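Student: Taken in order, these protein sequences are the chains called R and A.
Residue 28 in my numbering sits at position 28 of the first sequence; the count goes up by one each step and never skips.
Residue 294 in my numbering sits at position 294 of the second sequence; the count goes up by one each step and never skips.
Rather than coming from a laboratory, the hints here were simulated on the basis of the structure.
Keep in mind that a hint or two might mislead.
Unchecked claim - Below 27 Å or equal to it, Euclidean Cα-Cα: the simulated DSSO-like pairs (lysine-lysine) are: (1) Lys293(R) - Lys104(A); (2) Lys292(R) - Lys269(R); (3) Lys87(R) - Lys104(A); (4) Lys117(A) - Lys94(R); (5) Lys117(R) - Lys120(A); (6) Lys94(R) - Lys121(A); (7) Lys292(A) - Lys94(A); (8) Lys272(R) - Lys288(R); (9) Lys153(A) - Lys104(R); (10) Lys121(R) - Lys117(A); (11) Lys152(R) - Lys104(A); (12) Lys104(A) - Lys166(R); (13) Lys104(A) - Lys292(R); (14) Lys120(A) - Lys104(R); (15) Lys104(R) - Lys104(A); (16) Lys117(R) - Lys94(A); (17) Lys117(R) - Lys92(R); (18) Lys152(A) - Lys104(R); (19) Lys166(A) - Lys104(R); (20) Lys293(A) - Lys104(R); (21) Lys121(A) - Lys117(R); (22) Lys117(R) - Lys117(A); (23) Lys104(A) - Lys153(A); (24) Lys152(R) - Lys255(R); (25) Lys120(R) - Lys117(A); (26) Lys117(A) - Lys119(R); (27) Lys292(A) - Lys104(R); (28) Lys121(R) - Lys94(A); (29) Lys255(R) - Lys117(R); (30) Lys104(A) - Lys153(R); (31) Lys265(R) - Lys166(R); (32) Lys119(A) - Lys117(R); (33) Lys166(R) - Lys87(R); (34) Lys120(R) - Lys211(R); (35) Lys166(R) - Lys255(R); (36) Lys94(A) - Lys121(A).
Only a predicted model underlies this, so the values are computations on that prediction, with no experimental measurement involved.
2 protein chains.
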Amino acid sequence: MFEVREYPLTDDVAYLPNGWAYKVDMLVKSTDVPEGMNGFQVGRKSVAAVLSDLSTKGVKPIFMMLSFAFQTGITNAYITEILNGIKQLASKYKMILVGGDVNKANDTVIDCIIAGKYKKKVLRSGARIGDSVYVAGDFGLTTIGLDYLLNKKPIVNEKLKSYALKAVYEPDPPVNFNIEVINTGYVSASMDSSDGLAYTLNEIAQQSNVKIVINNFPMSEEIKKLIESEGRDPLNDSLYGGEEYQMVFTFNQEKDFLLNKLAKKHNVKVFKIGKVENGNGVFLSNGKKIEKKGWVFNF
Amino acid sequence: MFEVREYPLTDDVAYLPNGWAYKVDMLVKSTDVPEGMNGFQVGRKSVAAVLSDLSTKGVKPIFMMLSFAFQTGITNAYITEILNGIKQLASKYKMILVGGDVNKANDTVIDCIIAGKYKKKVLRSGARIGDSVYVAGDFGLTTIGLDYLLNKKPIVNEKLKSYALKAVYEPDPPVNFNIEVINTGYVSASMDSSDGLAYTLNEIAQQSNVKIVINNFPMSEEIKKLIESEGRDPLNDSLYGGEEYQMVFTFNQEKDFLLNKLAKKHNVKVFKIGKVENGNGVFLSNGKKIEKKGWVFNF
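Given these sequences and hints, build the entire structure.
Tutor: And the structure:
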């Protein structure tokens with residue numbers, strides 16, 4: 001409907017030719033906030049979602065704007081909690097607040113706009129045959145946490161329960177790690193996984209016109225065992241979840257050592273989960289197709 | 001709560017040191033949309049409000065982002081109308097859409113973010129003794145229109161009714177005129193009047209630490225007579241309204257001819273309504289104080 005030209009609206013952030021990039025994300029209480037999430041976590045999540053998208057595309061956050069709509073009846077204490085959650089991440093990444101707006105509405109809404117600078121653009125469409133496929137962070141935990149919160153599915157193991165709830169309530173994208181990884185120059189495609197891993201992998205494969213073959217679990221051995229101990233399928237939980245706010249990317253396999261160095265430096269877990277091949281679609285190494293679907297949550 | 005340093009959050013737009021400026025404004029259906037306003041007008045208003053703020057500060061709009069929340073049950077036809085309204089102003093001012101977000105909520109919300117470039121900064125605080133005080137456009141019409149829509153106060157004259165409703169439904173800030181006026185370099189203070197003229201004048205007087213004396217009506221003779229014919233007070237209607245989205249500004253009185261030239265070029269009405277003097281507060285020339293109050297509308 002508008003002129004878009006060099007700014008592809010289909011990708012995750014708006015890269016402008018002058019080295020700046022922008023991202024906006026709206027958090028809506030009635031649809032994005034699961035039961036039990038407190039105000040601090042709500043505010044924090046509204047910023048974390050944008051930081052995940054930006055850093056996954058190599059953009060260093062610089063300044064932010066915030067538009068709020070507060071539901072009638074909301075308390076000042078709750079608003080303060082939201083602001084404290086926002087402030088935590090704004091301070092952590094030294095972002096400057098330059099503007100905003102405050103309104104009343106029939107829902108509570110936080111629209112977070114962040115601008116930053118990039119050195120290298122990375123699109124969804126650049127995956128190259130021969131690259132390795134990586135994820136940062138454990139996948140599967142948000143699926144289990146949301147299953148517990150939304151569907152009342154019990155989690156027997158207390159450790160897993162605490163990991164799973166933390167993953168849902170306090171998504172923590174490794175912003176500086178993500179940016180450094182992109183700036184190595186060896187990431188050919190990357191995307192934030194908030195729509196689910198199966199969806200994200202299919203999106204990269206489609207846009208890059210390649211085949212992706214998955215041959216490893218996107219989680220630590222510890223988490224895998226904990227998930228199995230619940231009688232759940234770790235692969236299914238990691239593929240068809242969402243809300244992880246972690247980076248899924250393809251990387252030059254001859255430069256793996258650089259990635260491992262950065263992971264160590266930033267204390268971030270990375271998992272090599274597959275490879276890019278000639279063809280189309282996303283498959284397990286046993287040939288089973290991974291469909292392009294996420295788990296649509298309705299809070 | 002955040003570092004703000006050179007970006008004063010108390011002013012209308014965020015001027016960044018690199019020549020870019022930003023403004024965000026959230027339109028909420030349940031509080032910003034009066035009865036009878038159609039989808040096209042809703043979309044249009046969400047952009048007009050931001051354009052008014054930016055152009056009043058000399059910022060030429062360049063690109064935009066849009067975050068939407070749509071209320072459950074909203075029709076596709078209504079969404080299309082909203083987008084068409086947005087598109088009208090985006091096309092008129094050749095803005096490029098670079099990003100956005102779409103959500104579901106218990107209200108319909110449009111958060112419009114526009115970035116643009118400025119040559120000269122104009123704050124609320126720069127009014128100088130001896131300057132003339134100006135407004136662009138007729139004031140008073142939105143007060144009458146909103147009184148009709150919200151309080152069912154009849155408007156007898158059909159011409160006035162159509163002017164008043166158009167002022168409410170289709171605010172039309174003269175963007176290019178505003179920017180050219182600022183770029184003359186003779187505007188010492190300016191502010192968008194969406195909070196009402198009395199409020200705006202008081203804000204400029206306070207921030208500039210000057211007295212403003214009002215000695216003329218901020219409307220054409222035609223509008224003044226039409227308002228009087230309804231048994232209403234044109235001065236009261238023009239001072240204590242709001243939602244005009246017009247520029248209120250102080251201008252070097254020796255350069256009035258430049259302003260009149262621009263008004264003619266852009267076919268915009270300007271009214272010299274008063275002068276800046278030594279002292280404090282806002283007064284009529286008969287000495288009556290104009291209080292800092294707007295009309296708070298509750299739709």
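Student: Each hint: holds or not?
Tutor: Structure-based check of each hint:
Proposed proximity of Lys293(R) and Lys104(A) is supported: the alpha carbons are some 20 Å apart, at most 27 Å. This hinted pair checks out: Lys292(R) and Lys269(R) have alpha carbons roughly 25 Å apart, not beyond 27 Å. With a CA separation close to 26 Å, the supplied pair Lys87(R) and Lys104(A) stays within the 27 Å bound. Distance restraint check for Lys117(A) and Lys94(R): the Cα-Cα separation of roughly 24 Å lies within the 27 Å cut-off, and the hinted pair is therefore satisfied.
Between Lys117(R) and Lys120(A) the alpha-carbon distance is near 24 Å, which keeps this suggested pair within the 27 Å criterion. Simply put, Lys94(R) and Lys121(A) have alpha-carbon atoms about 26 Å apart, close enough for the 27 Å limit, and the pair holds. Proposed proximity of Lys292(A) and Lys94(A) is contradicted: the alpha carbons are some 37 Å apart, above 27 Å. Distance check on the hinted pair: Lys272(R) and Lys288(R) sit about 19 Å apart at the alpha-carbon level, within 27 Å; holds.
With a CA separation close to 26 Å, the supplied pair Lys153(A) and Lys104(R) stays within the 27 Å bound. Straight-line distance between C-alpha atoms of Lys121(R) and Lys117(A) comes to about 24 Å, which keeps the hinted pair within the 27 Å bound. A distance of roughly 24 Å separates the Cα atoms of Lys152(R) and Lys104(A); the hinted pair therefore holds under the 27 Å criterion. For a cut-off of 27 Å, the pair hint linking Lys104(A) to Lys166(R) stands: about 25 Å separates their Cα positions.
Proximity of Lys104(A) to Lys292(R) is assessed by CA-CA distance (about 22 Å); at most 27 Å being required, the pair is judged to hold. Of the supplied pair hints, the one linking Lys120(A) and Lys104(R) is violated, its CA atoms being roughly 33 Å apart against a limit of 27 Å. Between the alpha carbons of Lys104(R) and Lys104(A) the distance comes to roughly 17 Å, so the proposed pair stays at or under 27 Å and holds. Using a Cα cut-off of 27 Å, the hinted pair Lys117(R) and Lys94(A) holds, with the two alpha carbons roughly 24 Å apart.
Restraint check for Lys117(R) and Lys92(R): the C-alpha separation of about 17 Å stays at or below 27 Å, so the hint holds. Of the pairs offered as hints, the one joining Lys152(A) and Lys104(R) holds, with about 24 Å between alpha carbons and a cut-off of 27 Å not exceeded. A C-alpha spacing of about 25 Å is found between Lys166(A) and Lys104(R), which places the hinted pair at or below 27 Å, so the restraint holds. Distance restraint check for Lys293(A) and Lys104(R): the Cα-Cα separation of roughly 20 Å lies within the 27 Å cut-off, and the hinted pair is therefore satisfied.
A distance of roughly 24 Å separates the Cα atoms of Lys121(A) and Lys117(R); the hinted pair therefore holds under the 27 Å criterion. Simply put, Lys117(R) and Lys117(A) have alpha-carbon atoms about 18 Å apart, close enough for the 27 Å limit, and the pair holds. Proposed proximity of Lys104(A) and Lys153(A) is contradicted: the alpha carbons are some 35 Å apart, above 27 Å. Taking the CA atoms of Lys152(R) and Lys255(R), the gap is about 44 Å. The hint is violated against a cut of 27 Å.
For the hint pairing Lys120(R) with Lys117(A), the CA-to-CA distance comes to about 24 Å; that is within 27 Å, so the pair holds. With a C-alpha separation of about 23 Å, the suggested pair Lys117(A) and Lys119(R) falls inside the 27 Å cut-off, and the hint holds. For the suggested pair Lys292(A) and Lys104(R), the alpha carbons sit about 22 Å apart, so the restraint of at most 27 Å is met. Between Lys121(R) and Lys94(A) the CA atoms are separated by roughly 25 Å; this keeps the pair inside 27 Å, and the hint holds.
Annotation: proposed proximity of Lys255(R) to Lys117(R) holds, straight-line Cα distance about 25 Å (limit 27 Å). For the given pair, Lys104(A) sits about 26 Å from Lys153(R) by alpha-carbon distance, which is consistent with the 27 Å threshold. Proximity of Lys265(R) to Lys166(R) is assessed by CA-CA distance (about 23 Å); at most 27 Å being required, the pair is judged to hold. This hinted pair checks out: Lys119(A) and Lys117(R) have alpha carbons roughly 23 Å apart, not beyond 27 Å.
Restraint check for Lys166(R) and Lys87(R): satisfied, since their Cα atoms lie roughly 19 Å apart, inside the 27 Å limit. Restraint check: the Cα-Cα separation between Lys120(R) and Lys211(R) comes to about 24 Å, which is no more than 27 Å; the hinted pair holds. Only pairs whose Cα atoms come within 27 Å are accepted, and Lys166(R) paired with Lys255(R) is rejected, the gap being roughly 32 Å. For the proposed pair Lys94(A) and Lys121(A), the alpha carbon gap of about 22 Å is at most 27 Å, so the pair holds.
In summary, the structure is inconsistent with hints 7, 14, 23, 24 and 35 from the numbered list given earlier, while agreeing with the others.
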